[in-house]
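A.B. asks: Sequence order for the protein chains is A and B. The first sequence begins at 1 in this note's numbering and counts up one residue at a time. The second sequence begins at 1001 in this note's numbering and counts up one residue at a time.
Hint data in this document are derived by calculation from the structure and do not stem from the laboratory. Note that CB positions come from ideal geometry on N, CA and C, so glycine has one too. The reader is advised that the hints may include incorrect statements.
Chain A stretches covered by chain B per the calculated footprint, using a threshold of three residues with CB under 8 Å from any CB of chain B [as the list claims (entries may be wrong)]:
no.: 1; segment: 80–91
no.: 2; segment: 94–106
no.: 3; segment: 124–132
no.: 4; segment: 176–182
no.: 5; segment: 200–212
no.: 6; segment: 282–290
2 protein chains.
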Amino acid sequence: MLRPHTSSKPVSIKDIARIANVSHSTVSRALRNSPLVHPSTAEQIRKIASESGYRASAVARSLVNRRTHTIGVVVTTIADPFNGEVVSGIEDKANHLGYSVFLANSKSEPERELRVVHSFEERRVDGIIVTSSRVGAHYADLLERMNIPVVFLNNHNPGNFAYSVSIDDGNGAREATNHLLDLGHTRIGYIGDEFGLRSNENRLSGFRGALRSRGVKEHAEAMESGDGSCAEGAAAMERILKRTPLPTAVFCYNDQTALGAMSALHARGIRIPEEISVVGFDDLPAASYASPPLTTVRQPMEQMGRRAMEILAGLLSGETAGIEGVEKFDGELIVRRSTASPKK
Amino acid sequence: MLRPHTSSKPVSIKDIARIANVSHSTVSRALRNSPLVHPSTAEQIRKIASESGYRASAVARSLVNRRTHTIGVVVTTIADPFNGEVVSGIEDKANHLGYSVFLANSKSEPERELRVVHSFEERRVDGIIVTSSRVGAHYADLLERMNIPVVFLNNHNPGNFAYSVSIDDGNGAREATNHLLDLGHTRIGYIGDEFGLRSNENRLSGFRGALRSRGVKEHAEAMESGDGSCAEGAAAMERILKRTPLPTAVFCYNDQTALGAMSALHARGIRIPEEISVVGFDDLPAASYASPPLTTVRQPMEQMGRRAMEILAGLLSGETAGIEGVEKFDGELIVRRSTASPKK
DNA sequence: CTACTCACTGCACACGTTAACAATCGCCAC
DNA sequence: GTGGCGATTGTTAACGTGTGCAGTGAGTAG
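Make a model of the complete structure from these sequences and hints.
C.D. replies: Following this line, the structure appears as structure tokens:
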């Protein structure tokens, strides 16, 4: 029995080779279950390896294989629950596929985003997933520079990237708005995300399209923008509340904005949904535990993360079959208790 | 001007050496700003490097330096907002210190936790941070096996590990409970986390200690357990509501549990805080946007994450000065509107 | 007996970087 | 002229793993 825990340096195949009285290549082959090595020696080698606590060095292996089996994930901030869900899906799939994931927050600072991608480049990640990027324009050049596959998830930025998975913003917004229209609302506000860019535009135009197709007109005094956070959602709602007439319903860019808006309404003593209905977008876990539980458009966040990873892995193994450039997921309207017909 | 984007393989220092007509070691030195190389050649080399889009290979560098400048972070799940905040702090600090972070979810499955740590071992991470581990017992052996530094953050598990940062559970719980006692509550419930282990025990005993020191007795019918999630928080509260007499206040293991509990109360039409006061623990962003805004014990989650990374980096550079084994952070009671005096 | 095949193993190099050591050159003091 | 020194550069060997190629036997067919 070996004493594996004492040596400071990790044991290598050469150490094992010395003990087993074979060359290090035989060890390498044995540990990778190559048919080229005699079963009995292979077994002996594997025994020594496991007793000595041997762990193959992924870094040495990566050097020769030119594949690190590593991917980089860039998020604005992992503290955002939306990104948490997405990354959870990515990591889960990556784990099953044998990839490790580097996580980096860009904080939406272009300078930092650059640093992060450079670091990924040096680490020789096999691929990159970028979620909810707001400064994606910078990527365009970096992309072809690195020529490694990149998959975008809900990229907010205009511009066409080769591979992306995203939610169908327009349709989701349309469904949500139709729900409010069906309830009889005709004075509906919208709280957007001023940094949401394309994503915000698409939801906004879905909203507008729904109004137009029912002949309901838009009310400029009930249109406001936050930045996708609770805090700014609340602030935006407060601005709307200062103006008259008040809307009877508000559709929000995302759940966080909606939760913030609801908090502003509560603070003013305005009842939801009796006086104002609220609709969000995302279906964060918190949405169903809000009071009242939030009507929203569900994004399959984890699933989208998994799919992004799947696509990336597909690109890495050269199987482009069954991979479309742009995959759109459908949102699902989840009706809860934050919406009701307006009182006459 | 070079055409960097065409070659499939990344450019190496040897490529640069060939172009600059020097040896690869001179290139290596020049790029690392060694004083050993003539300023003019150094400048020329740096020019070629930048024009060719050269990026040093961290994997090759790691192989010779035996330092990857990489750390592994194990969380139960990154979809948990608490972990999101913590990891955000860790990543931020790591980034500034020149470390990249591998993220892995254990999902509290021992088998998966093992796989994850093995993968970190193969990747030759310089250190590991484990947050909110519920199966930490398994780590004990793995730890010394790997002999790389490990820092625990809010480790739920009994057993003493060398380095950890955690919240002062007992004191936080005591403050929260005292707040309720000060308001005049005498029938106070507790909703715990059955998997919270030590962390739950400490909060529970802080709760009990506060009651005892005021001579208020515990009410078994108002004691329940969830698993730290909204869903189970709601379920636990529903169980309490089936029993009489009802408590006038409930202290919850964490904010998620509290949010779930509030949702259950709302569903039954029970008013907060008029009929039942609710207190949480963590101060997640969602807590201040709940309705009513949640009274809770704030954990400086990001800061704790940063500190854990700082400690780890300290251990890695051998500066043990100013590093205590176990660092405890103080929680801060944040009084919002989910608590009030009981009606007589 | 020879030649050939088969199963297994070792040798040597490659991957991209760092670093210890050697080498070269110009210059200065003796 | 010679020796030494300082500045700059090159040579070489690692780091741990994978792999093409050569080598070594043993067994077998001719």
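A.B. asks: Which earlier hints can't be squared with this structure?
C.D. replies: Violated hints: 3, 4, 5; rest satisfied.
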